[in-house]
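Enquirer: As a plain string of letters, each chain reads:
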Amino acid sequence: MSLVRPFDKLPTLNSAALLLVGTDEKQQQQLAEAILKEKKTFKINIHVATSLPLPAERDHIRPRIDLIAFLINIQSKYSLRNVEASLPHVDANFFLGKVCFLITGVGRMNHCSVEMNAVRKLGNLYCSPVIFCELDSEGIRVATAQRLVRMLQICAGHVPGISALFFSSLMKNSIDE
Amino acid sequence: MKQRGNAKNPKQALHVRPSSQTDLSAWQIGERKSGPKTVDLKSTQKPEKEKQQSVSEQAGNNTEDYLEQALTYFERAKDHIPLRKNEVLQKHLATVETIALQRGLSPEGLDVLLNVALSGRLADTVNSRILKCLIPASIIAESSVVSAVSWLCVGNCSCSTQLLFLRWLIAMFDFIDHKEKLHALYGFFFCSLQDEKLCPYICHLLYLLTRKENVKPFRVRRLIDLQAKMGMQPHLQALLSLYKLLCPELVSITLPAKAKSYFKNSERLWKAAINTVRRRNQATSLTSQQLILDIGHPQSRKRKWNTQLILPACTMDTNKITRSKAIIHADILSHSESFPVEELQTFSQLLKNIHRLEFPSQMGSVLRNSLLLHYMNCVKDESIYLRLYYWMGQTLQEECTWYKIDNQQYEEEFKDFLDIVYKTECFLQEGFSSCEEFLYKSLPLWDGFCCRSQILRLVSWIPLSSFSEMKPRLCEPLAQLFFTSSLYFKCSVLESLKDLLQNWLNWHVMQLDIESDPKISPLNTTLSGLVNSVAELIHFVGWISTVALRLENNVTFLLYFILDFYETVCDVYLKYNLPLLVMPPPGVFYPALLSMDSVNLNQLCYIMYRYRTNLVAAKENELIKKTILQFKFSSQTYQEYNQYIMAMVGCLWTSSAFQKDIHPQGIRLDPEVLKKTRVQEVRNSFNIVHHPALMGYAILFLQQAWPEDKTLNFSLIKGRRWNWYLEYLYTQGLQGLKLFIESSINRVSQASQTKSDNVQIKV
Numbered sequence: 001m002s003l004v005r006p007f008d009k010l011p012t013l014n015s016a017a018l019l020l021v022g023t024d025e026k027q028q029q030q031l032a033e034a035i036l037k038e039k040k041t042f043k044i045n046i047h048v049a050t051s052l053p054l055p056a057e058r059d060h061i062r063p064r065i066d067l068i069a070f071l072i073n074i075q076s077k078y079s080l081r082n083v084e085a086s087l088p089h090v091d092a093n094f095f096l097g098k099v100c101f102l103i104t105g106v107g108r109m110n111h112c113s114v115e116m117n118a119v120r121k122l123g124n125l126y127c128s129p130v131i132f133c134e135l136d137s138e139g140i141r142v143a144t145a146q147r148l149v150r151m152l153q154i155c156a157g158h159v160p161g162i163s164a165l166f167f168s169s170l171m172k173n174s175i176d177e
Numbered sequence: 001m002k003q004r005g006n007a008k009n010p011k012q013a014l015h016v017r018p019s020s021q022t023d024l025s026a027w028q029i030g031e032r033k034s035g036p037k038t039v040d041l042k043s044t045q046k047p048e049k050e051k052q053q054s055v056s057e058q059a060g061n062n063t064e065d066y067l068e069q070a071l072t073y074f075e076r077a078k079d080h081i082p083l084r085k086n087e088v089l090q091k092h093l094a095t096v097e098t099i100a101l102q103r104g105l106s107p108e109g110l111d112v113l114l115n116v117a118l119s120g121r122l123a124d125t126v127n128s129r130i131l132k133c134l135i136p137a138s139i140i141a142e143s144s145v146v147s148a149v150s151w152l153c154v155g156n157c158s159c160s161t162q163l164l165f166l167r168w169l170i171a172m173f174d175f176i177d178h179k180e181k182l183h184a185l186y187g188f189f190f191c192s193l194q195d196e197k198l199c200p201y202i203c204h205l206l207y208l209l210t211r212k213e214n215v216k217p218f219r220v221r222r223l224i225d226l227q228a229k230m231g232m233q234p235h236l237q238a239l240l241s242l243y244k245l246l247c248p249e250l251v252s253i254t255l256p257a258k259a260k261s262y263f264k265n266s267e268r269l270w271k272a273a274i275n276t277v278r279r280r281n282q283a284t285s286l287t288s289q290q291l292i293l294d295i296g297h298p299q300s301r302k303r304k305w306n307t308q309l310i311l312p313a314c315t316m317d318t319n320k321i322t323r324s325k326a327i328i329h330a331d332i333l334s335h336s337e338s339f340p341v342e343e344l345q346t347f348s349q350l351l352k353n354i355h356r357l358e359f360p361s362q363m364g365s366v367l368r369n370s371l372l373l374h375y376m377n378c379v380k381d382e383s384i385y386l387r388l389y390y391w392m393g394q395t396l397q398e399e400c401t402w403y404k405i406d407n408q409q410y411e412e413e414f415k416d417f418l419d420i421v422y423k424t425e426c427f428l429q430e431g432f433s434s435c436e437e438f439l440y441k442s443l444p445l446w447d448g449f450c451c452r453s454q455i456l457r458l459v460s461w462i463p464l465s466s467f468s469e470m471k472p473r474l475c476e477p478l479a480q481l482f483f484t485s486s487l488y489f490k491c492s493v494l495e496s497l498k499d500l501l502q503n504w505l506n507w508h509v510m511q512l513d514i515e516s517d518p519k520i521s522p523l524n525t526t527l528s529g530l531v532n533s534v535a536e537l538i539h540f541v542g543w544i545s546t547v548a549l550r551l552e553n554n555v556t557f558l559l560y561f562i563l564d565f566y567e568t569v570c571d572v573y574l575k576y577n578l579p580l581l582v583m584p585p586p587g588v589f590y591p592a593l594l595s596m597d598s599v600n601l602n603q604l605c606y607i608m609y610r611y612r613t614n615l616v617a618a619k620e621n622e623l624i625k626k627t628i629l630q631f632k633f634s635s636q637t638y639q640e641y642n643q644y645i646m647a648m649v650g651c652l653w654t655s656s657a658f659q660k661d662i663h664p665q666g667i668r669l670d671p672e673v674l675k676k677t678r679v680q681e682v683r684n685s686f687n688i689v690h691h692p693a694l695m696g697y698a699i700l701f702l703q704q705a706w707p708e709d710k711t712l713n714f715s716l717i718k719g720r721r722w723n724w725y726l727e728y729l730y731t732q733g734l735q736g737l738k739l740f741i742e743s744s745i746n747r748v749s750q751a752s753q754t755k756s757d758n759v760q761i762k763v
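For the record, the sequence lines run as chains A and B.
Letter 100 of the first sequence, counting from 1, is numbered 100 in the UniProt record's numbering, and no numbers are missing.
Letter 276 of the second sequence, counting from 1, is numbered 276 in the UniProt record's numbering, and no numbers are missing.
Read the hints as simulated data drawn from the structure, not as lab findings.
Errors might be hidden in some of the hints.
Said to hold, decoys possible - One-sided excerpt, in silico: chain A residues whose CB lies under 7 Å from chain B:
| no. | residue |
| --- | --- |
| 1 | K37 |
| 2 | F132 |
| 3 | A143 |
What the hints assert, rightly or not - List of simulated lysine-lysine pairs, PhoX-like, C-alpha gap at most 20 Å:
| no. | chain 1 | residue 1 | chain 2 | residue 2 |
| --- | --- | --- | --- | --- |
| 4 | B | K244 | B | K380 |
| 5 | A | K121 | B | K441 |
| 6 | B | K271 | B | K132 |
| 7 | A | K172 | B | K471 |
Note that the structure is a prediction, hence the values are computed from the model and not measured.
The beta-carbon is built from N, C-alpha and C at its ideal position, and this holds for glycine as well.
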């Protein structure tokens, strides 16, 4: 039972690790598969968890996490509560650009049970970008996977001249302020 | 069937339906004849096309018989039929339901079922089941609707059935073949307003039916009374605002400017089935696409409510027979002298009849008709645009594929629709506010993938408004997508923003022309407002370009699109007469100057040449007029230009880039540092011979000039040969470089000097 920390381990050469946190395991699986199918220049490790904290016993073999993506399904209030409960187990340094919120189920806006404002507020509160997508559609899943790979690449420090913190400041919405 | 129709509505014989419009129902009629029927049928021959299909439709023959039996059963039902333990009724009902939901019903079938459902002979549950499955395969005869309405007066049917019928009528409004008689019932519908439960639906129906001549003082009074009694109801407001639009002098009360939705969606119950039938019909025959289309009935002025992605057609098929029939039909109908739009085929016809044209009832149909678009452009009637925007806004929202995943299978259709909207915007040279609203609403949820090119093209037509309003709604979602998406996405965004800028500038030029005409008042944007918005847009693009170049490692392809944008920016003053010049940010200028590709360098040279031309012209204007101009370029712009030009000339010409560059973010380096790099002849490493983008040309030049020398001695290019080399570069198509060197570099002596100085524009 420990905080997930961004800088407590050394990075591995030419690889990056992504942590997906969300209640819908099948969706996470599909997304992870889509990410692994993407063409990329570095190795990607994907870790999947339904909630945080991560179990302490296997901590020593876990690589350094470069990006945490929290999945929130707009049709399920539970998924939002779950993410909210997991957030305290994330080290504050992560919020310097290494966290994003992935809002899924946008394709069924009329069955929305999570308020959009609540989601935007969450992103604002934790200074992290909010990305909307619909993982049930294959095309959008692939597009989302591509976007995540790009963000991961930056968060892992593979793009010269662009840091995670700088990038998250670019992604910030001024409306939220 | 025909007999049946005639007995009740003798006038039905009047309508001549164009053959291509009733393919499916004609086939159904034909099939019925083959069975042992008691009814007389009008059509005797199966059309050829259907014969070919009949093989695949063999299985359907039995169901046709069943349907016919069911219809006969319902027609003959005279007395009250109990529902319970009535297997015959159940069976027939089930038959009707399955067939109707699969392939729709013919006009005659609809007539029978409507009558029986509203006559009150059956139980309420049966009535509502029947009403819910009344899906037209082609059209609905006006006479059936009129007789159905007449049942409402008898008062046999329950309130809930009446309500359902009204909803059905609203949903099916566009399928009704003519609406003249329905219009005659306007007063009847208006009287029903007092029923509190029916009121919202009646309002909706009246909203669809209302024409200018229906707006009467007593009706306005009645509506205002109702509003006082019931409170501010959105449906009453909708009707009142329509009245106000049509006759502003009669409605004096103020109404809220915009309501999001006036009416509840009535068609939800039938939409899926209509779509199924429509798609099936499309598959059956291409011409049957017109089945669902309104006949372009010239008199009615109502809003298009139905949201079908396939645009309604207002012209008839080119098929001659069809056309001639259409003309007869139009002749019968035309009471006043207005010219039926479906006859409008040529531009000369448009010119001859322009004074007596009326828009089709389905506003969406104008999108495909360039003649009507011409007409629309020249009448400049606000209400027409309102009708179009209303319809378009609804359609865009209903059919959008990314926040309604159920629509995804229809993505191709949605793309086509967006394409047509874009083409119309190009045709009218005008951005639609409904599209703007749609973009603002849907971009934050967009994944950057569905309909990418269509959406980005629509972005280029966003009307000019204040940028502070646009920024949070458009720029921020777009920037988020831009930073996380691929190189190609970035390039497409830049291209559409360039188009957006050009559209705004074109609009400004148009506005300048109009302003000379005092009758037409210019839009309420001032010149300074316009200058600010344009400048903000340019700064925004400069910002995202700088970041994108860093993200993508200064790739040539991206740089090309960025410089393309600045090719428009640098000419704003001379080409579009707008007193504004914005220099590219250093994050764009330096990557272009030091780029590895001669295309980028050449583009940059051309841009700097145009900046110079614009600035010189502005300076001259200032000097000539002597008066204090409202707008003049700040000294900062000149200063920035001078800094850039010094860096450029230092780089390309005088080999002193590292010493002379005075831009704070430039490439000036201390001699100490330069020494440490241990690069030989570091000074001239970016001149036109050694520049990485031009070195290839230098090598080719050396090979041609000294074929025997294999050492590639670049220092040979100097003096007279320097000039030859320049000529060689110009012949290689580097016209931008030529313009730049000829304008910005003042060569002391053409004969032998390589030393020269750049001309600065002094403030």
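Enquirer: Confirm or reject each hint.
Expert: Going down the list of hints, with the structure as the test:
1. Residue-level restraint check for A:K37 is violated (minimum Cβ-Cβ distance to chain B is 15 Å; threshold 7 Å).
2. Because the smallest distance between the Cβ of A:F132 and any Cβ of chain B comes to about 5 Å, under 7 Å, the interface hint for this residue holds.
3. Interface restraint check: A:A143 against chain B, minimum CB-CB distance 4 Å, threshold 7 Å, status holds.
4. Annotation: proposed proximity of B:K244 to B:K380 holds, straight-line Cα distance about 18 Å (limit 20 Å).
5. Straight-line distance between C-alpha atoms of A:K121 and B:K441 comes to about 18 Å, which keeps the hinted pair within the 20 Å bound.
6. With a C-alpha separation of about 11 Å, the suggested pair B:K271 and B:K132 falls inside the 20 Å cut-off, and the hint holds.
7. Taking the CA atoms of A:K172 and B:K471, the gap is near 13 Å; set against the 20 Å cutoff, the hint holds.
In this structure, the one hint that does not hold is number 1.
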